[in-house]
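Peer 1: Sequences are here, hints too, so could you generate the full structure?
Line by line, the protein sequences are chains A and B.
For the first sequence, this note's numbering begins at 53 and goes up steadily by one.
For the second sequence, this note's numbering begins at 311 and goes up steadily by one.
To be clear, the hints were calculated from the coordinates, so they are not data collected in a lab.
From the three backbone atoms N, C-alpha and C, an ideal C-beta is built for every residue, glycine too.
Misleading hints may appear alongside valid ones.
[Said to hold, decoys possible] Here are the in silico distance ranges between beta carbons for each label pair:
#, chain 1, residue 1, chain 2, residue 2, range
1, A, Thr132, B, Arg425, 55 to 63 Å
2, B, Arg404, A, Ser116, 52 to 60 Å
3, A, Glu187, B, Gly388, 52 to 60 Å
4, B, Arg462, A, Ala70, 53 to 61 Å
5, B, Ile436, A, Ala278, 38 to 46 Å
6, A, Gly285, B, Ala456, 38 to 46 Å
7, B, Ser515, A, Ala55, 51 to 59 Å
Spelled out, the chains give:
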Amino acid sequence: MTALLSVENLTIAFRGAAGPAVDGVSFALERGRTLGLVGESGSGKSTVALALLRLMPPAARMRSGAIRFDGTDILAASETALASLRGRRIAMIFQEPTAALDPVMTIGDQIAEPFVIHEKRSWREARAAARRLLERVGIPPERATNYPFELSGGQRQRAMIAAAIALKPALLVADEPTTALDVTVQKDILDLLLGLQAEIGMAMVFISHDLAVVSMMADTITVMRAGAVVEHGPTRDIIERPHQPYTQALLDAARMRVPERMAR
Amino acid sequence: MMDSPPILAAEYVTKRFRKDSGLFARGEDVTALDDVGIVLAAGETLALVGESGSGKSTLARVLMRLVRADDGRVLFRGTDIARLRGADLMAFRRAVQMVFQDPFASLNPRLSVGRIVAEPLAIHGIGDRAERRKRVAAALESVGLAAADAGRAPHAFSGGQRQRIAIARALIAEPEAIVLDEPMSALDVTVQRQILGLLNDLKVSHRLAYLFITHDLGVARALADRVAVMHRGHIVETGAAEAVFGSPVDPYTARLLAAIPVLGAGRRTGGAP
Numbered sequence: 053m054t055a056l057l058s059v060e061n062l063t064i065a066f067r068g069a070a071g072p073a074v075d076g077v078s079f080a081l082e083r084g085r086t087l088g089l090v091g092e093s094g095s096g097k098s099t100v101a102l103a104l105l106r107l108m109p110p111a112a113r114m115r116s117g118a119i120r121f122d123g124t125d126i127l128a129a130s131e132t133a134l135a136s137l138r139g140r141r142i143a144m145i146f147q148e149p150t151a152a153l154d155p156v157m158t159i160g161d162q163i164a165e166p167f168v169i170h171e172k173r174s175w176r177e178a179r180a181a182a183r184r185l186l187e188r189v190g191i192p193p194e195r196a197t198n199y200p201f202e203l204s205g206g207q208r209q210r211a212m213i214a215a216a217i218a219l220k221p222a223l224l225v226a227d228e229p230t231t232a233l234d235v236t237v238q239k240d241i242l243d244l245l246l247g248l249q250a251e252i253g254m255a256m257v258f259i260s261h262d263l264a265v266v267s268m269m270a271d272t273i274t275v276m277r278a279g280a281v282v283e284h285g286p287t288r289d290i291i292e293r294p295h296q297p298y299t300q301a302l303l304d305a306a307r308m309r310v311p312e313r314m315a316r
Numbered sequence: 311m312m313d314s315p316p317i318l319a320a321e322y323v324t325k326r327f328r329k330d331s332g333l334f335a336r337g338e339d340v341t342a343l344d345d346v347g348i349v350l351a352a353g354e355t356l357a358l359v360g361e362s363g364s365g366k367s368t369l370a371r372v373l374m375r376l377v378r379a380d381d382g383r384v385l386f387r388g389t390d391i392a393r394l395r396g397a398d399l400m401a402f403r404r405a406v407q408m409v410f411q412d413p414f415a416s417l418n419p420r421l422s423v424g425r426i427v428a429e430p431l432a433i434h435g436i437g438d439r440a441e442r443r444k445r446v447a448a449a450l451e452s453v454g455l456a457a458a459d460a461g462r463a464p465h466a467f468s469g470g471q472r473q474r475i476a477i478a479r480a481l482i483a484e485p486e487a488i489v490l491d492e493p494m495s496a497l498d499v500t501v502q503r504q505i506l507g508l509l510n511d512l513k514v515s516h517r518l519a520y521l522f523i524t525h526d527l528g529v530a531r532a533l534a535d536r537v538a539v540m541h542r543g544h545i546v547e548t549g550a551a552e553a554v555f556g557s558p559v560d561p562y563t564a565r566l567l568a569a570i571p572v573l574g575a576g577r578r579t580g581g582a583p
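Peer 2: Here's what the structure looks like:
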């Protein structure tokens with residue numbers, strides 16, 4: 053089976069930095085599956101996430117590598133080709149919905165926007181679709197006319213997810229989507245993402261510093277440290293038979309965070 | 311336990327904040343703490359757990375006399391801290407130290423590490439220059455740093471090392487208790503484990519009591535003798551750590567425990583989602 057997404061030997065350096073931020077990273081992801089990207093701060097995981105949509109900051113320089121998504125060479129594609137992919141075939145959600153949502157646009161309109169931009173639908177139709185999406189992600193549809201600041205952190209993340217999945221993307225890139233949330237809210241958001249994935253059949257690149265969270269979401273896990281892949285494998289193998297001491301250290305840290313009664 | 315009063319005790323503490331009446335919001339009172347009682351005995355570690363907005367940091371600030379309670383009182387070895395003056399207030403300030411969440415914000419970037427760690431000695435008039443230097447070296451070494459680090463600036467250190475510096479500063483005045491407000495939340499997970507180990511060692515070697523504030527129940531379990539669970543300004547459950555985590559009585563505690571992500575519990579590894 054051809055992979056939906058393949059990353060080969062991706063190497064990205066920031067101007068003025070001593071070493072590359074991403075150093076020869078390769079992985080592949082099939083349709084409908086989830087790849088977990090786990091690492092601590094500075095591991096390069098967020099730079100990889102941005103590269104998947106070719107959204108690197110200006111100081112970043114691509115040294116080598118290839119990213120292929122469903123037949124498109126992401127790094128060589130025209131801006132027009134990328135614009136039609138982003139938000140339609142590949143969507144992204146971030147740690148901070150406050151930073152990703154437009155503060156002066158109602159959440160209903162932000163969720164409606166992809167329908168207008170990519171599908172040329174009328175705002176009237178798009179807003180009706182947005183209300184259905186709000187309901188699906190667990191926000192009362194009458195909140196469509198609210199601005200982001202009027203929602204709680206968990207609701208903002210739900211609204212961002214609604215906008216991301218509006219056009220049923222083939223790939224959702226989720227970069228630390230629950231890190232800023234309380235643990236009870238985190239659980240609801242993870243359940244929501246799993247439910248939506250089952251409905252839409254989208255693949256996910258799920259990025260987190262928290263190996264326990266990643267293990268609940270991912271079919272395969274790629275462990276990154278200092279820009280490089282430390283270990284990669286099926287989720288069960290990574291958590292039950294890690295080969296690298298660094299993976300073991302992350303596992304120990306994750307186990308420490310579970311009170312003994314629940315630890316495995 | 312009954313013969314000496316606890317280091318700290320909060321009795322019926324209530325704290326309200328007036329929300330700003332801004333352009334969009336109505337001005338209304340938010341009750342951050344509602345009739346809260348808590349006791350910290352000598353040498354024990356009490357974990358105060360709860361989610362954001364539960365009131366745990368406000369309680370820490372009230373206990374430290376950084377903000378005043380609207381109702382109720384805080385006792386330091388049996389004396390109301392609102393009534394402490396002069397030498398008694400200084401004794402309280404020395405006996406109860408605090409470590410904050412963000413070691414990038416809590417260390418003055420313009421001072422050397424030595425000056426930062428020595429500051430409590432200067433404030434409390436402890437020792438001469440040579441004595442202070444000796445104590446700074448000992449404090450740095452006790453947190454796993456080198457005596458020579460005293461001459462360096464905080465920006466030369468990683469987040470975990472900075473938190474060690476903040477802990478050294480808390481230790482140097484030989485306190486009885488340290489209030490730690492989410493001391494590991496800003497750190498990478500592998501660094502968190504190291505700091506947890508350090509705190510466990512120091513608690514024994516320095517016979518410290520900790521009031522350990524955290525949203526992380528696993529960390530609370532690893533460190534605490536007793537646990538108090540906060541929710542919306544109330545303490546909903548308190549008890550021995552094994553009891554609270556093993557058989558929670560309050561439904562909110564049970565919900566918190568059930569929400570903790572567990573390695574390999576996902577459907578993809580065959581566990582229950």
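Peer 1: Would you mind marking each hint as holding or not holding in the structure?
Peer 2: Each hint, compared with the structure:
no. : hint                             : in the structure
1   : A/Thr132 to B/Arg425: 55 to 63 Å : holds, 58 Å
2   : B/Arg404 to A/Ser116: 52 to 60 Å : holds, 59 Å
3   : A/Glu187 to B/Gly388: 52 to 60 Å : holds, 57 Å
4   : B/Arg462 to A/Ala70: 53 to 61 Å  : violated, 20 Å
5   : B/Ile436 to A/Ala278: 38 to 46 Å : holds, 42 Å
6   : A/Gly285 to B/Ala456: 38 to 46 Å : holds, 39 Å
7   : B/Ser515 to A/Ala55: 51 to 59 Å  : holds, 54 Å
Consistency note: the structure conflicts with earlier hint 4 alone.
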